[in-house]
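Those protein sequence lines, which keep their order, are chains L and P. Residues in the first sequence are numbered consecutively from 1, following the working numbering. Residues in the second sequence are numbered consecutively from 1, following the working numbering.
Honestly, the hints are just simulated from the structure, not real lab data. Fair warning: this is a prediction, and the values are worked out from it, not measured in the lab. Note that the Cβ used here is the ideal one computed from N, Cα and C, for glycine as well. A couple of the hints might just be wrong.
Said to hold, decoys possible - With beta-carbon atoms standing in for the labels, derived distance ranges:
#1 P:Phe188 with L:Gly20: 19 to 29 Å
#2 P:Asp76 with L:Ala67: 51 to 61 Å
#3 L:Arg204 with P:Asp185: 48 to 58 Å
#4 L:Trp108 with P:Phe26: 31 to 41 Å
#5 P:Phe188 with L:Arg31: 32 to 42 Å
#6 L:Leu58 with P:Phe26: 51 to 61 Å
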Amino acid sequence: MAEPTTATASEVATVVGTGGVDHAALAARSRVWGALHVAQRQWVNEIPFIHIVLLTALGNPIIYLAAMGIGLGALVTSQVAGVPYLIFVAPALLVSTVATSGAGWGTWPIMGGFKWEKNYFAASATSVTPGQIALGETIGMTARLILQGAAFWVLGLPFNAWHSPWSVLTVPIAMLAGLAFFAPLAAYSATIEDEGIQFNLINRIIVMPMFLFAGTFFPLDVMPIYLQWIGWISPMWHGTQLARVAAFGMAYPLEGVVAHLLVLVAYVAVGLVLMRRNFFRRLTK
Amino acid sequence: MSEAGFRLLDVSVIHASELRKNYGDFAAVDGISFDVAPGESFGLLGPNGAGKSTTMRMIGGTLLRTSGTLEVLGLDPETRGPEVRASLGVVPQSDNLDEELRARDNLIVYGRYFGLPLSYLKPKADELLEFAQLTEKANAKVNSLSGGMKRRLTIARGLVNEPRVLLLDEPTTGLDPQARHILWDRLFRLKEQGVTLVVTTHFMDEAEQLCDRLVVMDHGQIVAEGSPSSLIKQYSSREVAEVRFGSERNAAMVDELRDLAGRIEVLPDRILMYADDGEGLLEEVHRRGLNPVTSLVRRSSLEDVFLRLTGRSLID
Ligand SMILES: Nc1ncnc2c1ncn2[C@@H]1O[C@H](COP(=O)(O)OP(=O)(O)O)[C@@H](O)[C@H]1O
Ligand SMILES: [Mg+2]
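Given only the sequences and the hints, what does the whole structure look like? Please build it.
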């Protein structure tokens with residue numbers, strides 16, 4: 001891009017600079033980087049509140065690790081899946097914490113971007129496309145999910161929650177599970193024009209059961225078979241299984257690992273396609 | 001952009017032909033055609049619901065048209081949205097500022113959407129705040145600003161990419177008279193610098209002040225086109241005598257006044273009589289002993305043009 005000129009102080013009072021910006025170059029850059037330009041907004045908006053974001057992101061994990069790992073772990077003295085209970089439960093807690101955030105961020109904040117803050121409409125008047133706005137929001141969320149997962153992982157260290165360095169892979173796995181919730185829910189949220197009361201329902205009949213049947217606190221196969229399907233459709237369960245394989249080498253067939261990955265990727269991919277479509281519709285109607 | 005890329009500019013900055021937007025069976029924009037020349041200040045004047053905002057959003061490519069041709073800087077905004085909008089400043093009808101951010105950060109975040117570098121945006125934001133007379137409010141959160149300040153900030157925001165074409169949808173609605181005049185002054189300066197302005201308004205004085213040329217819209221259609229003065233010349237007399245006899249008597253008096261003026265309009269509260277010599281007309285009214293409660297003579301305005309064309313007032 002050509003270096004745009006800016007008016008000097010003496011000119012400022014009477015003129016506002018025009019003509020220095022190379023619009024064709026701007027458009028060309030937008031075509032390539034537009035989604036990242038959109039993603040930056042989340043960070044600008046959040047930097048003043050970063051301590052609150054981190055506190056809420058980390059407050060839960062600390063309580064979970066303490067209560068479940070140490071409290072419940074004291075009761076569950078036998079090994080689960082061949083490891084002490086804390087080791088068993090920590091990767092699952094990491095995944096469910098991050099995935100729950102992904103679900104939450106896919107609802108009210110997305111709807112608000114259309115309905116209250118209207119920042120998507122503001123952005124759509126610039127050189128970015130609706131698809132880039134959808135993608136940019138997803139990229140911004142991805143960064144948050146990674147930050148949250150990494151913070152959880154670091155916090156697990158003093159609890160001795162991790163057996164091997166491979167456990168750090170739980171962070172990208174949790175990110176994937178978080179996006180598997182975020183993208184489809186964000187696609188849905190982009191269509192909502194009323195007050196969004198359906199989000200409470202979604203939380204109760206979709207997100208909560210998916211959490212409870214994700215094999216977080218006990219293996220899914222102790223549940224009766226006619227309830228296990230809830231886990232199978234839950235991105236949280238797929239993420240949890242993968243995270244356990246990564247964190248303590250839980251014995252698992254390779255096909256299983258691949259299948260879990262594929263399911264998560266499919267959730268994200270379908271979610272993104274729908275999200276882009278719905279953002280486009282909402283921002284051009 | 002190379003010279004060749006914008007050769008069409010010599011002809012039109014915006015070219016619309018049979019442009020149409022339907023919502024179901026309803027035609028919000030009903031096949032309108034117009035051209036905007038470079039550097040021109042072009043207006044869409046019409047009452048609420050005429051289809052002005054719908055037209056503006058199609059120009060920015062943020063609303064898909066049902067049919068017709070539309071070219072902005074030689075490109076179709078629907079398929080070449082990023083290229084068109086990189087050169088466009090958009091001031092929407094209702095402010096959609098980031099309420100939680102400070103005034104200055106609003107400009108910077110918006111500029112980042114265009115991918116403009118911070119080294120450009122920081123001085124630019126200060127320059128624009130100065131332009132919008134908001135320098136003292138640079139660090140104030142938007143939700144603490146008055147309506148007029150927000151409007152000015154939205155306009156400043158629309159200038160962050162140094163647009164060649166500025167779309168202003170009802171720029172001064174909701175502003176007090178003083179704030180409106182400040183804004184008009186700012187917009188006039190932009191025009192002097194060669195920025196093409198496209199303004200929608202339902203205020204005839206705004207159209208007269210700001211626009212070199214305008215189209216009068218009603219029910220999604222263009223009912224007249226021209227400069228403010230040529231429209232007035234074509235569709236109205238030079239002057240208008242307004243007389244009031246009180247709401248019960250107005251209708252009864254019409255027959256007695258009919259032969260005095262070339263044209264008469266009866267509004268609920270007054271009668272408008274169109275003539276080139278308003279004072280002379282009024283004298284004649286008095287000579288006939290038809291003493292109105294109040295009367296005045298004024299120059300014809302676009303309001304009269306609209307009334308003539310549609311039988312209705314611009315603002316109901
Ligand atoms: N999304 C929509 N769905 C249905 N009708 C709409 C929609 N948007 C605008 N309209 C209708 O189209 C007409 C033109 O609206 P608009 O362009 O906003 O008018 P103006 O800006 O001139 O006041 C109005 O009658 C309005 O109700
Ligand atoms: Mg409007």
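Hint check results:
no.	hint	in the structure
1	P:Phe188 with L:Gly20: 19 to 29 Å	holds, 21 Å
2	P:Asp76 with L:Ala67: 51 to 61 Å	holds, 59 Å
3	L:Arg204 with P:Asp185: 48 to 58 Å	holds, 56 Å
4	L:Trp108 with P:Phe26: 31 to 41 Å	holds, 33 Å
5	P:Phe188 with L:Arg31: 32 to 42 Å	holds, 35 Å
6	L:Leu58 with P:Phe26: 51 to 61 Å	holds, 53 Å
The earlier numbered hints are all upheld by this structure, with none contradicted.
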